[in-house]
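Colleague: In the order they appear, the protein sequences are chains A and B. By the count of the UniProt record's numbering, the first sequence reaches residue 276 at its end, each step adding exactly one. By the count of the UniProt record's numbering, the second sequence reaches residue 398 at its end, each step adding exactly one.
Hint data in this document are derived by calculation from the structure and do not stem from the laboratory.
Straight-line alpha carbon distances no greater than 30 Å define the calculated DSSO-like cross-link-like pairs of lysine-lysine that follow:
(1) A:K129 <-> B:K206
(2) A:K22 <-> A:K239
(3) B:K207 <-> A:K129
(4) B:K314 <-> B:K206
(5) B:K307 <-> A:K27
(6) A:K129 <-> B:K307
(7) B:K314 <-> A:K129
(8) A:K27 <-> B:K128
(9) A:K204 <-> A:K20
(10) B:K207 <-> B:K307
(11) A:K129 <-> B:K392
(12) B:K314 <-> B:K392
(13) B:K128 <-> B:K307
(14) B:K99 <-> B:K337
(15) A:K20 <-> B:K307
(16) A:K22 <-> A:K204
(17) B:K99 <-> B:K253
(18) B:K206 <-> B:K307
(19) A:K233 <-> A:K221
(20) B:K314 <-> B:K207
(21) B:K307 <-> B:K392
(22) A:K22 <-> B:K307
(23) A:K204 <-> A:K221
(24) A:K129 <-> B:K211
(25) B:K392 <-> B:K337
Only some residues are given here: those of chain A computed to face chain B with a beta carbon under 8 Å:
(26) A65
(27) G66
(28) M99
(29) F101
(30) Q103
(31) D108
(32) F118
(33) E122
(34) R128
Where a beta carbon is used, it is the ideal one built from N, C-alpha and C, also for glycine.
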Amino acid sequence: MTLPNDTAQSPANATSPFLKIKDLVKKFGDTIALDHVSLSLDRGQKMAVIGPSAAGKSVLLKCLAGVYRADSGNVLIDGVNIAKSSDNNQENWADRIGMLFQQNALFDSLPIWQNVCFQLIENGTLGRKQAKDRAVELLGLVGLDADSALLHPSDLSGGMQKRVGIARAIANSPEILLLDNPTAGLDPVLSNHIENMIDTIARKQNTTVITVTNDMEIAQKRYDFLTMMHEGKVYWHGKRDEISAAQNDHLAQMLKGSAQGPISMRTRNRGQHLVA
Amino acid sequence: MSKTQQAPGGVRSKGLADYLNDENVRAVIYQIIAIGLVILAGWYLVSNTLDNLERQNISTGFGFLDLEASFGISESMIDYTPKSTYATALLVGLLNTVKVAFLGIVLCTIIGTIFGIARLSSNWIVRKLAAIYVETFRNIPVLLQLFFWYAIIPGAFPAARNALEPIPDVLMTNRGIYIPVPVADNAYEFMGIAAILALIIIYFVKKWADKRLDATGQPFPIVWASVGIFAGLVLVAYLAGGAPTAMDIPELKGFNIRGGYNISPEFLAVLIGLTVYTSTYVAEVVRSGIEAVPSGQWEAADSLGLKRSVSLRKIILPQSMRVAIPPLTNQYLNLTKNSSLAVAVGYPDLVSVSNTTMNQTGQAIEAISIYMAVYLGLSLITSLFMNWFNNKMALVER
Ligand SMILES: Nc1ncnc2c1ncn2[C@@H]1O[C@H](COP(=O)(O)OP(=O)(O)OP(=O)(O)O)[C@@H](O)[C@H]1O
Ligand SMILES: [Mg+2]
Numbered sequence: 001m002t003l004p005n006d007t008a009q010s011p012a013n014a015t016s017p018f019l020k021i022k023d024l025v026k027k028f029g030d031t032i033a034l035d036h037v038s039l040s041l042d043r044g045q046k047m048a049v050i051g052p053s054a055a056g057k058s059v060l061l062k063c064l065a066g067v068y069r070a071d072s073g074n075v076l077i078d079g080v081n082i083a084k085s086s087d088n089n090q091e092n093w094a095d096r097i098g099m100l101f102q103q104n105a106l107f108d109s110l111p112i113w114q115n116v117c118f119q120l121i122e123n124g125t126l127g128r129k130q131a132k133d134r135a136v137e138l139l140g141l142v143g144l145d146a147d148s149a150l151l152h153p154s155d156l157s158g159g160m161q162k163r164v165g166i167a168r169a170i171a172n173s174p175e176i177l178l179l180d181n182p183t184a185g186l187d188p189v190l191s192n193h194i195e196n197m198i199d200t201i202a203r204k205q206n207t208t209v210i211t212v213t214n215d216m217e218i219a220q221k222r223y224d225f226l227t228m229m230h231e232g233k234v235y236w237h238g239k240r241d242e243i244s245a246a247q248n249d250h251l252a253q254m255l256k257g258s259a260q261g262p263i264s265m266r267t268r269n270r271g272q273h274l275v276a
Numbered sequence: 001m002s003k004t005q006q007a008p009g010g011v012r013s014k015g016l017a018d019y020l021n022d023e024n025v026r027a028v029i030y031q032i033i034a035i036g037l038v039i040l041a042g043w044y045l046v047s048n049t050l051d052n053l054e055r056q057n058i059s060t061g062f063g064f065l066d067l068e069a070s071f072g073i074s075e076s077m078i079d080y081t082p083k084s085t086y087a088t089a090l091l092v093g094l095l096n097t098v099k100v101a102f103l104g105i106v107l108c109t110i111i112g113t114i115f116g117i118a119r120l121s122s123n124w125i126v127r128k129l130a131a132i133y134v135e136t137f138r139n140i141p142v143l144l145q146l147f148f149w150y151a152i153i154p155g156a157f158p159a160a161r162n163a164l165e166p167i168p169d170v171l172m173t174n175r176g177i178y179i180p181v182p183v184a185d186n187a188y189e190f191m192g193i194a195a196i197l198a199l200i201i202i203y204f205v206k207k208w209a210d211k212r213l214d215a216t217g218q219p220f221p222i223v224w225a226s227v228g229i230f231a232g233l234v235l236v237a238y239l240a241g242g243a244p245t246a247m248d249i250p251e252l253k254g255f256n257i258r259g260g261y262n263i264s265p266e267f268l269a270v271l272i273g274l275t276v277y278t279s280t281y282v283a284e285v286v287r288s289g290i291e292a293v294p295s296g297q298w299e300a301a302d303s304l305g306l307k308r309s310v311s312l313r314k315i316i317l318p319q320s321m322r323v324a325i326p327p328l329t330n331q332y333l334n335l336t337k338n339s340s341l342a343v344a345v346g347y348p349d350l351v352s353v354s355n356t357t358m359n360q361t362g363q364a365i366e367a368i369s370i371y372m373a374v375y376l377g378l379s380l381i382t383s384l385f386m387n388w389f390n391n392k393m394a395l396v397e398r
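With the rest of the complex left out, here is chain A:
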């Protein structure tokens, strides 16, 4: 088993990688969700994160998106440490990051088009008319028709909600795209379409993509880098062609547990953190 290996990515620009995660630690009480996680990626690179349930995959993405504040460690984007930035900075780097949540987390109270472009409306990038046009355009990218723009999340099927979540994640043309199980629950044709779309975005906009997936096949076929997590630690990280047959088997073995069924996430309350 190889250790997390920084040289594996060998960035073109050898000075410092675009995204650098160093010794990230996140605890919830006694649970260590992230245990000294270190990774780095360059612009336009795609990484798949795989691992059994409760490995800390979602927590990792949320720390990168600034939803959770890590207990220690650094997240450097272009050399700027976002893990230490204050809440006021959140708005700035939220502009550079897009995230799809495992449970989609669409806003139930808003119609689809506002869901997709809420950030752009709120930060004043787009007027409502432009926002709506942009939403329809983005919905088209994920294979939803313009009519769905006026519906509410509860009017949509699970797969459609997932795609709206993806449209929301890419609405601000992020430099880093975080996708928590983007193809879970989608049929093979649709998941192929979504993966193609992610490819296109990564290529055209030079976006760094980190995708959590339970599908080993997709991960190996479509992603440049694989990261295997277990109990908060990175078990294996490297280029996909570096993975040996033995390791592959081992990964498949570990994944079995997590691939068995839909993973339910506890809905925890964050009311305590609310600022009046």
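With chain A held as given, fit chain B with the ligands onto it using these hints.
Modeller: Only chain B with the ligands this time, still in chain A's reference frame:
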């Protein structure tokens, strides 16, 4: 389930035993028996009472409503003298009840929402203070709170001679607060009508603007348009009515204040007591409504870099409304019903006026049935309104 055994179309004659074994038939029979017992009991009570009343030479019926009330009522929203009828007196009481209940509902909603949100603040002190407010006033019986405010308010202000005047022409005394009011004039009626008209127009403009926004994405300055329509129409009505400027200003005459509009200590005690008490429950409703929104909604909002206040206002609160409206309705009903405790501090609400009426005429059954019907009516109106509101919210959010 003998009924279901019947072959389709086949007619099998049923015996009495069959019927008695049928669950549906049995259910009907039980209900008939139950209703019969209730009617019997009711008839027994009523006929007994009627007998007793007859023996005491008290006539029954609502004829007394037309008689002269011959008692004074300390505050009234309509013209009333002791020469007015009992019907008018009861109407005065009803209006006083509605006044205090309506204002109480509005205020407890505002205050309760603020404290409900404050209980979830990230600031420790704010959170604790809100918790203390809620836990204290929620756990003291509301009747005691009314007594408390009624003891505090007159004591806190000087006698009329030394009235406080915090704002020019507003006098605060131990007999309540006196504020200047415009002298009655037709113009104000016009303005009222204009205001209602403006609200109706605004409603339709807003509907049209929303539709256009959804269809074309073109925003319409609805807030400014509404302010313009409202202010414009009301102003036109004011000018058309001759632009009256006469004000009724409270002044010290002898030992008393004359003129102006008096907000009595009784009214204040009831209003503050009911508002504070009910606001604690509203706070709890708001808090649990917010907590019922899945944490993922906060997280998603965070990932978009939204400010906490924006997330709360545009994403969390609209969703918590759905859970909050039914228990909120309950609190409004409670406040309305609790307003009958006003009698304890001498605020002339419906119950207080009814009690006086009852004592003078002896017509307890009629008086009580009037106020029971009124409270039932008020509660039903509140419920219907909240149901309508709930359906509207549910429709928007699904
Ligand atoms: N907000 C939270 N509060 C407390 N514990 C949490 C929270 N979020 C995650 N955890 C804990 O952190 C650990 C990692 O959770 P995480 O959601 O990252 O798992 P995962 O790898 O995404 O699993 P899955 O494949 O099931 O989605 C779990 O033990 C979980 O219970
Ligand atoms: Mg997860």
